Amino acid sequence: MTQPQPTARHTIAVLVDNEPGILARVVGLFSGRGYNIESLTVSETDAHAHLSRITIVTTGTPMVIEQIKAQLDRLVPVHKVCDLTLGGPAVERELALVKVAATGEKRVESLRIADIFRARAVDSTIKSFVFEVTGSTDKINAFIALMEPLGLVEVSRTGVVAIARGGQGL
Amino acid sequence: MASSPATTAPATTEQSGAELLLKALVDQGVEVIFGYPGGAVLPIYDAIFGQNALRHILVRQEGGAVHAAEGYARSTGKVGVVLVTSGPGATNAVTGLTDALMDSIPIVCLTGQVPTHLIGNDAFQEADTTGITRPCTKHNYLVKDVKDLARVVHEAFHVAKSGRPGPVVIDLPKDVLFAKGPYTPADEVKHKSYNPRRTPDAAAVAKAVEMMAQAKRPLFYTGGGVINSGPEASELLTKLVRATGFPCTSTLMGLGAVPASDPLFLGMLGMHGMYEANWAMHDCDLMIAVGARFDDRVTGRLTAFAPHSKKIQIDIDPSSINKNVRVDLPIVGDCGETLAEMLRLWKGKKPKSDGKALAAWWKQIEEWKKRDCLRYEQSSTIIKPQYALQRLQALTKGHDTYITTEVGQHQMWAAQFLKFDKPNHWMTSGGLGTMGYGLPAAMGVQIAHPDALVIDVAGEASILMNIQELSTIAQYRLPVKVLILNNQYMGMVRQWQELLHGGRYSESYMDSLPDFVKLAESFHCVGLRATKPSEVDDVLKEMIKVKKPVMVDMIVDQKENCFPMIPSGAAHNEMLLGPADNQGSGPKDKPISEEGMVLV
Numbered sequence: 012m013t014q015p016q017p018t019a020r021h022t023i024a025v026l027v028d029n030e031p032g033i034l035a036r037v038v039g040l041f042s043g044r045g046y047n048i049e050s051l052t053v054s055e056t057d058a059h060a061h062l063s064r065i066t067i068v069t070t071g072t073p074m075v076i077e078q079i080k081a082q083l084d085r086l087v088p089v090h091k092v093c094d095l096t097l098g099g100p101a102v103e104r105e106l107a108l109v110k111v112a113a114t115g116e117k118r119v120e121s122l123r124i125a126d127i128f129r130a131r132a133v134d135s136t137i138k139s140f141v142f143e144v145t146g147s148t149d150k151i152n153a154f155i156a157l158m159e160p161l162g163l164v165e166v167s168r169t170g171v172v173a174i175a176r177g178g179q180g181l
Numbered sequence: 017m018a019s020s021p022a023t024t025a026p027a028t029t030e031q032s033g034a035e036l037l038l039k040a041l042v043d044q045g046v047e048v049i050f051g052y053p054g055g056a057v058l059p060i061y062d063a064i065f066g067q068n069a070l071r072h073i074l075v076r077q078e079g080g081a082v083h084a085a086e087g088y089a090r091s092t093g094k095v096g097v098v099l100v101t102s103g104p105g106a107t108n109a110v111t112g113l114t115d116a117l118m119d120s121i122p123i124v125c126l127t128g129q130v131p132t133h134l135i136g137n138d139a140f141q142e143a144d145t146t147g148i149t150r151p152c153t154k155h156n157y158l159v160k161d162v163k164d165l166a167r168v169v170h171e172a173f174h175v176a177k178s179g180r181p182g183p184v185v186i187d188l189p190k191d192v193l194f195a196k197g198p199y200t201p202a203d204e205v206k207h208k209s210y211n212p213r214r215t216p217d218a219a220a221v222a223k224a225v226e227m228m229a230q231a232k233r234p235l236f237y238t239g240g241g242v243i244n245s246g247p248e249a250s251e252l253l254t255k256l257v258r259a260t261g262f263p264c265t266s267t268l269m270g271l272g273a274v275p276a277s278d279p280l281f282l283g284m285l286g287m288h289g290m291y292e293a294n295w296a297m298h299d300c301d302l303m304i305a306v307g308a309r310f311d312d313r314v315t316g317r318l319t320a321f322a323p324h325s326k327k328i329q330i331d332i333d334p335s336s337i338n339k340n341v342r343v344d345l346p347i348v349g350d351c352g353e354t355l356a357e358m359l360r361l362w363k364g365k366k367p368k369s370d371g372k373a374l375a376a377w378w379k380q381i382e383e384w385k386k387r388d389c390l391r392y393e394q395s396s397t398i399i400k401p402q403y404a405l406q407r408l409q410a411l412t413k414g415h416d417t418y419i420t421t422e423v424g425q426h427q428m429w430a431a432q433f434l435k436f437d438k439p440n441h442w443m444t445s446g447g448l449g450t451m452g453y454g455l456p457a458a459m460g461v462q463i464a465h466p467d468a469l470v471i472d473v474a475g476e477a478s479i480l481m482n483i484q485e486l487s488t489i490a491q492y493r494l495p496v497k498v499l500i501l502n503n504q505y506m507g508m509v510r511q512w513q514e515l516l517h518g519g520r521y522s523e524s525y526m527d528s529l530p531d532f533v534k535l536a537e538s539f540h541c542v543g544l545r546a547t548k549p550s551e552v553d554d555v556l557k558e559m560i561k562v563k564k565p566v567m568v569d570m571i572v573d574q575k576e577n578c579f580p581m582i583p584s585g586a587a588h589n590e591m592l593l594g595p596a597d598n599q600g601s602g603p604k605d606k607p608i609s610e611e612g613m614v615l616v
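These protein sequence lines are chains A and B, in that order.
In terms of this note's numbering, the first sequence opens at residue 12 and continues consecutively.
In terms of this note's numbering, the second sequence opens at residue 17 and continues consecutively.
Keep in mind the hints are simulated off the structure, nothing from the lab.
Worth double-checking, as some hints may not be accurate.
As the list claims (entries may be wrong) - Quick look at which bits of chain B chain A covers, simulated, 3 or more residues with Cβ under 8 Å:
{"id": "1", "stretch": "109-120"}
{"id": "2", "stretch": "142-150"}
Claimed, not checked - Computed footprint of chain B on chain A; a stretch qualifies when at least three of its residues, placed anywhere within it, have a C-beta under 8 Å from a C-beta of chain B:
{"id": "3", "stretch": "32-44"}
{"id": "4", "stretch": "78-84"}
{"id": "5", "stretch": "147-153"}
Note that the coordinates shown come from a computational prediction; the quantities given were computed from them, not determined experimentally.
Every residue, glycine too, gets a C-beta built ideally from N, C-alpha and C.
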């Protein structure tokens, strides 16, 4: 109890009613109680039932992670809370759009690296590329780090979306 | 009702939003609304004008309306209902809503809103009510379509009273109140996502009973959840405590669940709790927490909290479990249902509890009781606040007495010296600590129990925070009694300044106080004053006897401090006792640690 407990990174999927203010409720819960948000994605996933799926990546001690899940589950429009990190293997993906402005050898090098990372050029001018890259957070980080010296201009990332492996739904 | 189709409006007839709202409230069993009118809610007030099913109590400030609804809810177990206008009406309600959230009190608060087409335009008396109240309510709604109105009201009552209760706001734009729409009956509304679990896991309950049978130094630690679960839960708890013979302590919020007169009850625990209760908490080997949330006022320093104990925690709210203190056996469920099952198992199994160990445990507790921790130095010239409350306790015997309090020293003394033998008779702002709570809360209690003796134990500083409600009390002829323990200081602030800040009484002296007797009289109440111990009984008797609202200005010792006390950041076995302690350890022996200073 005296020594600080180790913190861990968890990916939590939350199924909610798609109604006004729901995102504010979730985000307000995190800020009000001092929890971390490393990334957050949200979009409607079931238009018929008006359900949205929120994927939150957070860090905390086991006690804090347990609190986060219990607090989320307590929100009235929340249907389900699932800790994908604890719930067995899961696929996590992020998408990034990476703008690189370069000419000459640097421009060629950026294309070469993009190829290795299976990134696609979705926009091109004589002096720039916009690459679309998907993968784990680590892979995206690595790609961005490599683009840095080659003329990185800006990055837009989706944050993590995740889903459990296997045939079972949430 | 047997009426012909010609006179009864067919079910499909559309009504205005305001009419639908009132119909839904009546269908939810609402009898009383506490409110204050304004532009945005005029359609509702117009509908109230034309009916008799709902009684409206006109408060003098919206904050008073919420506290009154809290008092009403806590003394009846029903949902308290509030009606306020947009903008300042809603923002004035925020403190009460936060108070109800912290103390888990079921409230439905209806707020007016500017018409939908003006929302976001900074219109007159516009505030982002759902935005402002999101963190201080259990849930809130903005009704943008009259078709949703009745359903939302029914949902709001479901959310407010089920699971761990709390306040719910329904924001009602003015155009929605005028628009015509269909009614949705309550039984057609089923909440799709919010249906909290009530029935505990049977295996966990069985395990708990097994742990209880093996305990050598067990202790029940019970809280407001027992009260919220209904009077049956309090009865079941009392039966279980008696069946096991285990000692029981309670939080501030849980007082009255187990009768204070029961010898198994050790009194309140926590910062100003009983010496024996806190020591029992520290030394127990099994803690059975029932509807209690391990608040910092209860636990003291977490690293030294009940260090040798296994812990069972029963709570309907999973987020209350393992929040501050890790427990060994969590049981998610309603206190009443869980206690019933525990009692059944305990009685059925007749477990062989360790009688010898339990006797030794009780012997130890009796030793702690001998410390007589509430002892204070009596005076023949100056009224001690503790003495005033002891006399109040004695003189109210035989009455159906409900006590509310404000916040501060007087609140803690009331918790220590007044004895509650029944649930729902003690209304105090526990979690938020809202000064100004007691007077409007007493008003709400008296509305619900017109013939009961309702007393607000107050301080002279707190009472001024919602003093305007005396006018409401006069208007509805509510015979509320206000007992002001007047020490001319914000007493608890002064006490902390004495103990922690070298006696520098920065801004805690209450200068220019009103003459409370004259003030009472100007509000059509009876004003009484006592300045000497010899006057206390006569004044209190008079206060109880008069069938009118009474305000008593009890001039008490300015320097009296509230003991025992666990200083912030200290452990349960590091309590400070008062100057009258029979082992002579005055508070000055144990200075407060640096770490304790920063804690609230």
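Consistency of the hints with the structure:
For the stretch 109-120 of chain B, the proposed coverage by chain A is not satisfied: 0 residues have a C-beta within less than 8 Å of a C-beta in that chain, short of the threshold of three. Proximity of the stretch 142-150 of chain B to chain A, defined as three or more residues with a beta carbon under 8 Å from a beta carbon of that chain, is established by the 3 residues found. Remark: the stretch 32-44 of chain A is confirmed as covered by chain B, as 5 of its residues place a Cβ nearer than 8 Å to a Cβ of that chain, reaching the required three. With 4 residues carrying a beta carbon less than 8 Å from a beta carbon of chain B, the stretch 78-84 of chain A meets the three-residue requirement, and the given coverage holds.
A count of 0 residues in the stretch 147-153 of chain A with a Cβ less than 8 Å from any Cβ of chain B is obtained; the coverage claim is therefore unmet, three being the minimum.
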